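Engineer: Listed below, chain by chain, are the residues.
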Amino acid sequence: MREEEINFAKSDSFNLTMIPGAFARKLRTCIIWQFIRFVVINIKMLVVVSKSH
Amino acid sequence: MARLVVMGGGVSGHTAATFAKKWLGDEHEVVVVTPNSQWNWIPSNIWVGVGQMTKEDVVFPLAPVYEKAGIDYRQAKAVSIHPEGKTDSDTPYITIEYTGQGKEGQTEEITYDYLINATGPKLNFDATPGLGDGKGQLGEHTVSVCTADHAMHANLELQKIFEKAKTQKQKILVGTGHGMCTCQGAAFEYIFNIEHEAKKAGVRDNLEIKWISNESFLGDFGMGGLHMKVGGYVVSSKLFAESLFAERDVPWLIGAHVTKVEAGKIEYELLDGSTGEEEFDFAMLIPPFAGVGLKAYDKNGEDMTDKIFAPNGFMKVDADYTAKPYEEWKASDWPRTYQNPDYKNMFACGIAFAPPHLISKPMKSPNGTPINPTPPRTGMPAGIIGKAVAHSICDMIKEGENAHLHEASMAEMGAACVASAGKGAFDGTAAAMTVYPVVPDFEKYPGTGRDTDYTFGEIGLAGHWIKHILHHMFIYKAKLKPGWTLIPE
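Residue numbers (my numbering), protein chains in the order written: chain H, 1 to 53; chain Y, 1001 to 1489.
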């Protein structure tokens, strides 16, 4: 069984949601991808900050 | 020379006082009254609570900062407000009781021309039997991360649990300790940081980690949840939050009002009216917030606390407090200027202002127990509101009391929020989210109540980097180091 599928069986609540697979989890700590996301998130946050002042 | 007195030195009060002093210069006086000797960057307390930061990393002494800024700092708690003065004087004043500076216990009157109430919350541990010690402080059965000292204590207790978990099963319970709590975000961060540290310590398999909260659905966060664009879909924060809990194997108990805390056990009531018990070896339960208990008196010394403050102890401002059903709530109910309707030289900001109503849908159990999160008013909104209030007062001082007031409605401002899910330069993660506006406006944004172009969320290492950078950036700003005004709230 794939790692991400194990928790689905642990409870009905877990079974009715979504759990990221190995690739999605790897991307979360992939330095290159996260550096790109860092830039993107900062830009998005700055837009929201500028709209809020 | 006018005198502005700021009661409270947290995010909102400190922002208001420092900007006011910068704009007013030496021509006018700014006084800060706060019982604390240190400023605390509260969002990082969760890292103190898992041993990844020390108390010294998240606090710094206020006195040198205020001395540098030219602000008159009184380490004291505000006790009462007298907006009409007294029988022989029309000058409004507050009474304070010193908690430091070698004057502990001494009382004093401070007159003011303008007053900002930024006293923040009273951590109302005693609202739940056993959560408090009966004297307003944290009880002996659970821990808290609401202050840096609480977080240090929490870490000491947590490390004992990790040690025991090397040889035996242990149960950890994290969440809210009452049906009317806010600040679910702090508990959310703490539970996932514990889970992350448990994995690093190699004890995760022996730990049962469980979430308990007053939210009617996971991801409510006191804002009625939010919808965000993820992977081409617009999804509810419910799915986003449930996914993270399921991934990390953290079961949840929601819609819960904790009714009693004992050693190793809580009792609770759920939204469906049922009751239950949950045992624990370690529990971090956030207390509900209340106003700090300020009293208000008129010119003759008659108590008029009910006129100035809402029943929950927060100060009334320019909100629409008319009681009405959820279906009739509007974005325009929320305050814009934070000016007290009766005394135009009094303002409240941050947690200290009384919200007109909840943001989340109000819920009650069949027994009549209200179980719903109360509105968050911390972080970015607290800073923006503090700055807007300072701006208004500075204009009133310089241009007269009819000067245009600056506005900062939570129904028209967004918020950026970064919730840590584990600390580590290369293996840390955090949920980076923005929400616009904080209070949903269903007239302007039918459907979700918010602009989904500016409401998003994702979890990853980038979020952790941002949270870590914000930690240093906001402490730098609060210390008023060169260029501090360039850092947005």
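Calculated from the structure, these hints are not laboratory results. Hints should not be assumed to be uniformly reliable.
What the hints assert, rightly or not - Okay, derived cross-link-like pairs now, DSS-like style, lysine-lysine, Cα gap no bigger than 30 Å in a straight line: (1) K51/H <-> K1330/Y; (2) K44/H <-> K1077/Y; (3) K51/H <-> K1229/Y; (4) K51/H <-> K1022/Y; (5) K1344/Y <-> K51/H; (6) K1398/Y <-> K1077/Y; (7) K1330/Y <-> K10/H.
Stated by the list, open to error - A partial selection of chain H residues facing chain Y, derived with a Cβ cut-off under 10 Å: (8) M1; (9) R2; (10) S13; (11) N15; (12) I31; (13) V39; (14) S52.
Small disclaimer: the values here were computed from a predicted structure and weren't measured. Ideal Cβ positions, reconstructed from N, Cα and C, are used throughout, including at glycine.
Engineer: Hint by hint, say whether it matches the structure.
Structural biologist: Hint check results:
1. Taken as a hint, the K51/H and K1330/Y pair is honoured in the structure, with Cα atoms around 21 Å apart against an allowance of 30 Å.
2. Pair hint K44/H plus K1077/Y does not hold up; C-alpha atoms about 39 Å apart against a cutoff of 30 Å.
3. Between K51/H and K1229/Y the alpha-carbon distance is near 19 Å, which keeps this suggested pair within the 30 Å criterion.
4. A threshold of 30 Å between alpha carbons decides the hint, and for K51/H with K1022/Y the separation of about 24 Å falls inside it, so the pair holds.
5. Simply put, K1344/Y and K51/H have alpha-carbon atoms about 28 Å apart, close enough for the 30 Å limit, and the pair holds.
6. The straight-line distance between the Cα atoms of K1398/Y and K1077/Y is roughly 29 Å, inside the 30 Å bound, and the hint therefore holds.
7. Of the pairs offered as hints, the one joining K1330/Y and K10/H is violated, with about 41 Å between alpha carbons and a cut-off of 30 Å exceeded.
8. Restraint check, M1/H versus chain Y: the minimum CB separation of about 15 Å is more than 10 Å; hint violated.
9. The beta carbon of R2/H comes no nearer than 13 Å to any beta carbon in chain Y, farther than 10 Å, and the hint placing it at the interface is violated.
10. Look at S13/H: its Cβ gets to within about 7 Å of chain Y, closer than 10 Å, so that hint holds up.
11. A hinted interface residue such as N15/H counts as satisfied when its beta carbon comes closer than 10 Å to some beta carbon of chain Y; here the least separation is about 8 Å, so the hint holds.
12. Taking 10 Å as the C-beta contact cut-off toward chain Y, the hint placing I31/H at the interface holds, the least distance being around 7 Å.
13. Annotation: interface hint on V39/H holds; nearest CB of chain Y at approximately 8 Å, less than 10 Å.
14. Because the smallest distance between the Cβ of S52/H and any Cβ of chain Y comes to about 4 Å, under 10 Å, the interface hint for this residue holds.
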